[in-house]
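**Q** Per UniProt numbering, the very first residue in the sequence shown carries number 1; after that it's consecutive.
Just so you know, these hints were derived from the structure itself, not from any lab. These numbers were taken from a predicted model, which means no experiment stands behind them. Check before you lean on any hint, since a few could be wrong.
Computed list of lysine-lysine pairs in DSBU-like fashion (alpha-carbon distance at most 35 Å, straight line) [said to hold, decoys possible]: (1) K34 / K243; (2) K206 / K243; (3) K45 / K59; (4) K180 / K256; (5) K296 / K206; (6) K256 / K45; (7) K243 / K61; (8) K180 / K61; (9) K256 / K59; (10) K313 / K326; (11) K295 / K313; (12) K295 / K306; (13) K180 / K290; (14) K296 / K313; (15) K326 / K290; (16) K34 / K45.
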Amino acid sequence: MVKRHLLDDLSKDLPPHFLAAPPLSDDESEYLQKLAHQSFQSFLKSTLDVHPIEVPGWKSKGCHEGVDIFQGPRYTPASNIRPYRFITSMEGTLEEVEAVLSNVSDDQIQNALEHYLEGILDMTILHHVSSPLSLDESSTSERSDVSEAPNEHILVRWFATQCPRPLHNRDFCVLEMNRKWTLPSGKRVWAASQHSIRLPTCPDFKPSLKFVRASVFNSGVLYIESDEPGRLDMHMRLELDFKGPTPQWFFKMMMKRRAASFGRVGSYIEKYRVLQQLSASSGRDRAAVKMIPLKKRKHCQLCTQKFSPLRWKVNCSSCGEVFCYKCTEHQRVPGRPRDMEQVCFACARPKSCKPARPSSSVRHCRSPIWSSPTRHSTCVYRPAAAADVLCATLSVGWEEADGASVEPESYIQGASDMSEDSWYDNDLNDSTGFQRRDEGDDIDLADFQLNLQFRPSSERRV
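Hey, can you work out the whole structure from these sequences and the hints?
**A** In structure tokens:
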């Protein structure tokens with residue numbers, strides 16, 4: 001079942017500029033790139049080739065579903081913020097990981113929301129700051145110059161996570177950078193870092209959607225090729241301010257959920273392979289299907305009703321026969337979530353289609369004659385690709401199809417036990433702005449709550 005798409009359901013509660021964010025100025029893009037690189041390097045310094053057990057203050061919290069959990073020390077005695085590390089391994093390639101987890105295009109995001117992301121209500125990209133790929137012109141984000149670094153993306157992402165009642169759902173606005181490169185040892189690495197920022201184009205949605213804006217910083221995931229061919233070592237670092245009092249037991253439960261979700265990336269890769277195979281085979285099968293010309297049929301090959309301006313003809317993408325639009329349904333093409341195809345009920349729901357008993361009341365007819373279980377009259381069914389099914393298709397399984405509901409598999413991507421105003425130190429309070437620094441100055445990550453004030457469009461560079 002496709003996950004609920006929050007922006008479609010509650011678009012009236014979102015500001016009109018949210019999905020059409022104004023382009024960043026050159027200065028704003030330059031600053032975000034510099035901040036993203038420094039955040040990325042800080043994440044790598046604390047994760048790459050650094051095992052938490054070797055760092056003072058870190059301790060093991062056990063293993064949950066094959067994922068080792070480590071807890072770091074508090075930054076100040078009065079603060080409850082603790083960094084966490086999750087370590088495991090899986091079979092796969094960096095190309096598969098990037099295809100499943102990068103989510104840098106609308107198609108990838110839609111596919112991930114349907115198949116991979118657990119507990120994520122919705123996600124969108126507000127700005128593509130830097131990317132080596134040519135983005136879709138219809139994207140809600142602006143295009144930018146190609147980055148000098150290969151396989152590097154810098155973007156501003158918004159996503160919302162689901163929390164169990166009575167807690168409010170949380171949302172995040174993060175500056176994200178992902179990159180793939182090769183180490184001097186010859187091993188390849190793919191990593192993605194996230195760091196919360198504040199933007200006027202991504203306001204607080206608590207008044208309208210009851211979302212609480214949480215913060216994540218110095219966090220990310222790292223996948224590196226192991227000594228065993230075809231296997232990847234997986235690392236995650238998570239620092240999260242949940243913004244609000246959270247019981248210790250709840251926080252521990254959510255960290256276990258996060259570890260379990262991280263450990264399921266291997267199953268996501270397997271599912272991705274299956275979808276790719278289905279997509280390839282579907283394309284070959286569809287190309288081999290012989291479509292019956294519409295003009296050769298005067299009656300629907302399922303319900304036998306005569307075609308008319310109010311009951312138009314449709315070819316089934318699976319069998320190629322001609323049906324009325326009422327005897328077909330739209331389905332997503334496997335592996336291509338944005339592509340739809342029209343399929344007859346016989347091909348779409350073969351298990352719910354049961355052949356009825358032949359009727360002996362009508363004789364001397366060359367075509368098979370069937371008695372419909374949903375009607376008292378005799379239904380004449382003419383040979384077609386769906387010749388082994390009946391009008392029972394129209395009555396079996398509708399309640400199940402329309403009334404089914406699926407509960408979310410998990411609640412939230414991450415959680416924290418810190419109080420609302422707890423930070424590293426006094427310098428980490430939310431800032432109302434920032435000062436541009438000289439080009440040679442480093443950016444202090446304490447300014448992670450970056451508040452960019454966009455200038456009017458007339459003042460921007462063209």
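**Q** Compare the structure with each hint and give your call.
**A** Each hint tested on the structure:
A distance of roughly 27 Å separates the Cα atoms of K34 and K243; the hinted pair therefore holds under the 35 Å criterion. With a CA separation close to 12 Å, the supplied pair K206 and K243 stays within the 35 Å bound. Between K45 and K59 the alpha-carbon distance is near 19 Å, which keeps this suggested pair within the 35 Å criterion. For the proposed pair K180 and K256, the alpha carbon gap of about 28 Å is at most 35 Å, so the pair holds.
At most 35 Å may separate the alpha-carbon atoms for a hinted pair to count; K296 and K206 exceed this at roughly 58 Å. At roughly 25 Å between alpha-carbon atoms, K256 and K45 fall within 35 Å of each other, so this suggested pair holds. Under the criterion of a C-alpha separation no larger than 35 Å, the hint pairing K243 with K61 is consistent with the structure, at around 23 Å. Straight-line distance between C-alpha atoms of K180 and K61 comes to about 30 Å, which keeps the hinted pair within the 35 Å bound.
For the hint pairing K256 with K59, the CA-to-CA distance comes to about 16 Å; that is within 35 Å, so the pair holds. The straight-line distance between the Cα atoms of K313 and K326 is roughly 10 Å, inside the 35 Å bound, and the hint therefore holds. Of the pairs offered as hints, the one joining K295 and K313 holds, with about 9 Å between alpha carbons and a cut-off of 35 Å not exceeded. For the hint linking K295 to K306, the alpha-carbon distance of about 13 Å falls within 35 Å, and the restraint holds.
A threshold of 35 Å between alpha carbons decides the hint, and for K180 with K290 the separation of about 44 Å lies outside it, so the pair is violated. Restraint check for K296 and K313: the C-alpha separation of about 11 Å stays at or below 35 Å, so the hint holds. For a cut-off of 35 Å, the pair hint linking K326 to K290 stands: about 22 Å separates their Cα positions. Using a Cα cut-off of 35 Å, the hinted pair K34 and K45 holds, with the two alpha carbons roughly 17 Å apart.
The structure does not agree with the numbered hints 5 and 13 stated previously, though it agrees with the rest.
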